[in-house]
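Trainee: Residue numbers (this note's numbering), protein chains in the order written: chain F, 3 to 329; chain H, 3 to 329; chain C, 196 to 530; chain Y, 196 to 530.
Calculated directly from the structure, the hints in this document are not laboratory data. Where a beta carbon is used, it is the ideal one built from N, C-alpha and C, also for glycine. Warning: the hint list may mix true and false statements.
Unchecked claim - Interface residues of chain H toward chain F, partial, derived using beta-carbon atoms under 10 Å:
id, residue
1, Leu-16
2, Met-164
3, Ile-169
4, Tyr-198
5, Val-210
6, Glu-233
7, Gly-234
8, Ile-276
As the list claims (entries may be wrong) - Pairs of lysine to any residue, SDA-like flavour, derived with a Cα cap of 25 Å:
id, chain 1, residue 1, chain 2, residue 2
9, C, Lys-527, Y, Glu-432
10, Y, Lys-314, C, Ala-256
11, Y, Lys-314, F, Gly-235
12, F, Lys-12, F, Phe-251
13, F, Lys-38, C, Asp-512
14, Y, Lys-527, H, Leu-322
15, F, Lys-280, F, Gln-298
16, H, Lys-311, Y, Phe-329
17, H, Lys-38, H, Phe-251
18, H, Lys-319, C, Lys-527
19, F, Lys-275, F, Lys-311
20, H, Lys-280, H, Thr-257
21, Y, Lys-530, C, Ala-489
22, C, Lys-314, H, Ser-288
Spelled out from the first residue to the last, the chains are:
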Amino acid sequence: MSNNPFPLPKEKLLEAYTKMKTIREFEERLHIEFAKGDIPGFVHLYAGEEASGTGIMMHLEDKDRIASTHRGHGHCIAKGVEVEGMMAEIYGKVTGSCRGKGGSMHIADLSKGMMGANGILGAGAPLICGAALASKYRGDGGVGITFFGDGASNQGTVLESMNLAAIWNLPVIFVVENNGYAESTSIDYALAVDSYIDRAAGFGIPGVTVDGTDFFAVYEAAGEIIKRAREGGGPAFLECKMVRFFGHFEGDAQTYRAKGENEENRANKDCLKIFRSKVTKAGVISDAELNKIDDQVLARIEASVQKAKKDPLPTAKDLLTDVYVSY
Amino acid sequence: MSNNPFPLPKEKLLEAYTKMKTIREFEERLHIEFAKGDIPGFVHLYAGEEASGTGIMMHLEDKDRIASTHRGHGHCIAKGVEVEGMMAEIYGKVTGSCRGKGGSMHIADLSKGMMGANGILGAGAPLICGAALASKYRGDGGVGITFFGDGASNQGTVLESMNLAAIWNLPVIFVVENNGYAESTSIDYALAVDSYIDRAAGFGIPGVTVDGTDFFAVYEAAGEIIKRAREGGGPAFLECKMVRFFGHFEGDAQTYRAKGENEENRANKDCLKIFRSKVTKAGVISDAELNKIDDQVLARIEASVQKAKKDPLPTAKDLLTDVYVSY
Amino acid sequence: MARNLSMKDAINEALDLEMRRDPTVIVMGEDIAGGAGGQGEEDAWGGVLGVTKGLIGKYGAKRVMDTPLSESAYIGAAIGAAACGLRPVAELMFLDFMGVCFDQIFNQAAKFKYMFGGKAETPVVIRGMVGGGFRAAAQHSQMLTPIFTHIPGLKVVCPSNAYDAKGLLIQSIRDNDPVIFCEHKNLYASMADVPAEAYTIPFGEAAIPREGKSATIVAYGMMVHRALEAAETLAKEKIDVEVIDLRTLSPIDIDTVVESVEKTGRLVAVDEANPRCSIASDVIASVTEHAFKAMKAAPKAITAPHTPVPFTPALEDLYIPSASQIAEAVRKQMK
Amino acid sequence: MARNLSMKDAINEALDLEMRRDPTVIVMGEDIAGGAGGQGEEDAWGGVLGVTKGLIGKYGAKRVMDTPLSESAYIGAAIGAAACGLRPVAELMFLDFMGVCFDQIFNQAAKFKYMFGGKAETPVVIRGMVGGGFRAAAQHSQMLTPIFTHIPGLKVVCPSNAYDAKGLLIQSIRDNDPVIFCEHKNLYASMADVPAEAYTIPFGEAAIPREGKSATIVAYGMMVHRALEAAETLAKEKIDVEVIDLRTLSPIDIDTVVESVEKTGRLVAVDEANPRCSIASDVIASVTEHAFKAMKAAPKAITAPHTPVPFTPALEDLYIPSASQIAEAVRKQMK
Ligand SMILES: Cc1ncc(C[n+]2csc(CCOP(=O)(O)OP(=O)(O)O)c2C)c(N)n1
Ligand SMILES: Cc1ncc(C[n+]2csc(CCOP(=O)(O)OP(=O)(O)O)c2C)c(N)n1
Ligand SMILES: [Mg+2]
Ligand SMILES: [Mg+2]
């Protein structure tokens, strides 16, 4: 296990795998718990898309900021938000990241540079322009990453923000997580242009498309454009092509999919399997090492669910707090 | 005067000239009247840009619809809205196109397919998608044209509409009237991409850039894309590069311009002069014929001003009408 | 023939009947059919909660249009098409999303007729979900009725039951002004007897689901049920309450409320919206102006607090006005 | 040292002083400097009516940023930057344009703190013009204060004079919550004595520009002047009116109004906004709840009618509430 052909040292590879696996198990478990009826509200799972958020976030520090989407759990975990707080939040407990007030769609942790999942499509794009502006203003070298789906890529906010970032030369990366669907609608219906790269070019922004199921493809492409943005080279666009393992949200019967699509995705487009196979084949990490991580992750998720279930709910006095700093 | 090298017969050339001249004199006169303090509110003049609206509108019928901008007088006149009603409207009289309730920024005449000047940048783009959808639904062959400025080209509504028109294959022409300025801000500041054609391409829409001071260039480019749209070939993008002779609105000191810019524009980029020189040099129309039109136009504008000044104002009972069809 | 129908099915039926009757009626929205461009089922969703299910099968993709996720563009297109002779019913999935397309609604649709001196009609319906109780958190649970009601040129409808939903939606579609049709997501499953044929309920006519002499409770949407619950409780205490269901907020049937308060002398206005500049404050102000002399006690607004909608059920249940809050307000007035 | 300053200059001075004091304060907006990218003068405009003139010369383009015509993007960017430690003051030229960027204001800025369980601060100021009388027609003349006031999480300010404008804007900039700062375009030229140094006026404290015993007139913005005019007229008729200038609409100083009405027994609420779910109805509802027993006559709202703002001066002058309408309302209450 000496020759490492990958762009990250072994300990970073282990870290990346841990993140991806944590996201996967977080989502798989929510899928089960939701079906039991214990989890309130809407839950949009990121399973299948882990390589995108993780491949990008491996380049980021706390001073770098991300703006996420309704499908935000993966981004949160990859950016370093505590799993336990997230789980408690989704269960609506006062111990949650947002003290139970936000829920799945609004998990945030500004101290980690996570500016929030967002229930409004495209809304993160202007916000991250502001975060990047703040970094640029201070000269702290921070970058901002905004994620949006193939569907949300047609929101005016996203499109306006691309122009803004371009003319202000902001350190912003626009990441479209293209899983082929917006709810039940195929991207083939919603987009007339052949490639997102052309669209980005139409705003004067360079772009690149990668296989979002391949952690290393994402990692390398992201690394380059993030480095450039940090150094004042301006915004970039990254398209990660990927699959979503579950429905749009929990409860979706997914009849809009082709027959066998989900099975095919699980079999051949599983970013965790792909990662595992690459690192073990290269002899850099052993299956045993990864299995150990799997066990740790599962234990952590299990513990977080148990804790979340037991944690206390907010109480009446919490209803009226946190609206203003002062009023 | 037999060999006509132009794509329009002489009577159509005379019609086009009359429209352009009417717009010019309408605006020149408003400039004078505004300075006198007689005209309330904001007035944005289209002088210098006549070839764009006219070159396009020469292809249109009443069933075709346009959505205009804050700088809408020229579009109105070119689309066939009565000058007298417009003038009365701008003076706030009950005889105005909108009974005095709209003013310069809201002149409309749906019977002529003129869906309104608009005080909100970019707002016409979705509306014209709807007009085009209605035409397509009925199969009446109508097209929709939406105008916006270089500044408004960065509005989310415009950008979203380009995608909508593309995926729905709507008969919509997106016309950017690029006069180089948004209020006092240069397009060089507000746009990072080299060409609008690239931006249109990013939405899957074919585009063409023309010299908007040359009526014939506009006419020919517009003809082709309008024909294609009518026949079901979908949306297109047209950039007309042009100059605005006056300030952003009346009262603008224009200190953001380069020295001598206005003089240079008047001398070398006057679409009326250019038109006149082409048609007279080709021997298709004589100066005398054009001068006669000039006189008629001036008389008409003079009469419309005199009438507008004398016309009655709306009265108290008009305040509460026209809010709903029924309430 | 009346059948017991859910509000969801009643809305579907209203759309179905009007589309059958009038070829200028089209519907559009995100995933209102579902499956567009894909390889699976057409009509895979029928809207996010299935309200428009089945329409594409009957009327085809030309009249049941899935849209891209560009509300400004497609809501504006619906408005533009309405100004050009169609009668589009555009779904804005959650009316909370109005923030990305509000200009088209309030500066365009609402103002065309006035700005153009009367020479425009914009018969568009914008329908979408409102309200809390779904644990959908701050951006998917709002009751934004006061904002729409504030705007001249818009009509605002918010039915409390399946029967009204059908009649009011048919009226909305036939109406020649822009209508914001607010569907409370927590009422979709509520059942009522609904005639199979088309019928309309006129705008500006409140209903009186319960008559009484001691106090007037005014409500709309889901709050009508809370008001009726409170009335039940109060009846046991021999307090005889009248409940008014506004049904439409613009126009509003303030006369019916004024008449009621002239009889009862007491007014409690219930609103699931936030308190400031709410429907509740609007009703109280209007009624107090007109029935001041008849009023025996200070009128009272029962609304959500001045906070966003919390996610956790533990707080959301406290956020939404309750029957006991309403009953308590009436009791205080009786003292 | 106080000088006689226009409200426009007072606003400029507030921005100037705060930018000098605090390097995290930046300003942005369309043409707020002007001339960007062109060959003519820098600072060619200083905003469409010159309010921000001179700032770029003092603080440079890094802190005085012209924006593209993309309100969602740059208002959202101001909000995002505020959440990341800057104190942006973003100009939304005419607040009527809120329709293209409302989501960023009401679903993002206003809700961050609550949705994130308290762990966010968004010290952004969004300032822009409001109000009629400029013959700017339906899309450039609105008084949308009720819409902003309705939204929990926002603070809403609307000064009536140069002195208040400066103190309230400085408070807005130093405040840690999102503030919508409404500048009445027809007050820009109005003059008042304004101290040269920085000072703040706390939110939620109404002013009483005229004391009186017989009736209370509540107003804000330009309507304060109409109310004072009405009070003058009434004084000649021996009707002694108290005028309250709310200054901030959220938070609102309802206590001062209640106290006043407890003294006078009469309330006229004046609002340049449209009537439904307005500030006027909000004030009337709150005050009636709290001071019902003290009220000697039905409270009255004087507002713009339920119509868009008409262009022609002939109608706009009728649209905007007048001193004589206000006076007449008080007279009726005195009977
Ligand atoms: C402005 C807005 N419009 C619509 C929605 C409803 N909605 C939530 S998720 C979603 C689909 C998003 O698709 P995409 O952007 O591809 O992201 P994905 O779900 O595939 O991750 C829709 C329509 C919303 N939340 N916000
Ligand atoms: C949504 C919106 N934002 C800002 C404005 C203010 N405004 C009116 S015209 C204008 C400049 C428009 O420039 P451009 O689109 O190039 O058109 P031009 O005036 O050059 O014809 C601006 C900023 C507006 N009317 N609407
Ligand atoms: Mg997707
Ligand atoms: Mg321009």
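Trainee: Is the straight-line distance between the alpha-carbon of Lys-311 (chain H) and that of Phe-329 (chain Y) 25 Å or less?
Mentor: holds, 20 Å
Trainee: Interface hint check: Met-164 (chain H), Cβ to nearest Cβ on chain F, cutoff 10 Å. Holds or violated?
Mentor: Where the cut-off is 10 Å and the nearest Cβ of chain F is about 9 Å from Met-164 (chain H), the hint holds.
Trainee: Is the Cα-Cα distance between Lys-319 (chain H) and Lys-527 (chain C) 25 Å or less?
Mentor: violated, 45 Å
Trainee: What's the verdict on Lys-314 (chain Y) and Ala-256 (chain C), does the C-alpha distance respect the 25 Å limit or exceed it?
Mentor: violated, 46 Å
Trainee: Hint Gly-234 (chain H) vs chain F: min CB-CB distance below 10 Å?
Mentor: Gly-234 (chain H) check fails; min Cβ-Cβ to chain F is 15 Å, beyond 10 Å.
Trainee: Within a Cα-Cα threshold of 25 Å, do Lys-38 (chain F) and Asp-512 (chain C) meet the stated pairing?
Mentor: holds, 21 Å
Trainee: Classify the hint on Ile-169 (chain H) as holds or violated, based on whether any CB of chain F lies nearer than 10 Å to its CB.
Mentor: holds, 5 Å
Trainee: So if I understand the rule, the pair passes when the alpha-carbon distance is 25 Å or less; does Lys-12 (chain F) with Phe-251 (chain F) pass?
Mentor: violated, 35 Å
Trainee: Are the Cα positions of Lys-527 (chain C) and Glu-432 (chain Y) separated by 25 Å at most?
Mentor: violated, 40 Å
Trainee: Would you mind confirming whether the straight-line C-alpha gap from Lys-530 (chain Y) to Ala-489 (chain C) stays at or under 25 Å?
Mentor: holds, 17 Å
Trainee: Closer than 10 Å between Cβ atoms is the bar; does Ile-276 (chain H) clear it against chain F? Give me holds or violated.
Mentor: violated, 31 Å
Trainee: Would you mind confirming whether the straight-line C-alpha gap from Lys-38 (chain H) to Phe-251 (chain H) stays at or under 25 Å?
Mentor: Given pair Lys-38 (chain H), Phe-251 (chain H) holds - Cα atoms ~15 Å apart, limit 25 Å.
This entry does not satisfy hints 1, 5, 6, 7, 8, 9, 10, 11, 12, 18, 19, 20 and 22, going by the numbered hints stated previously.
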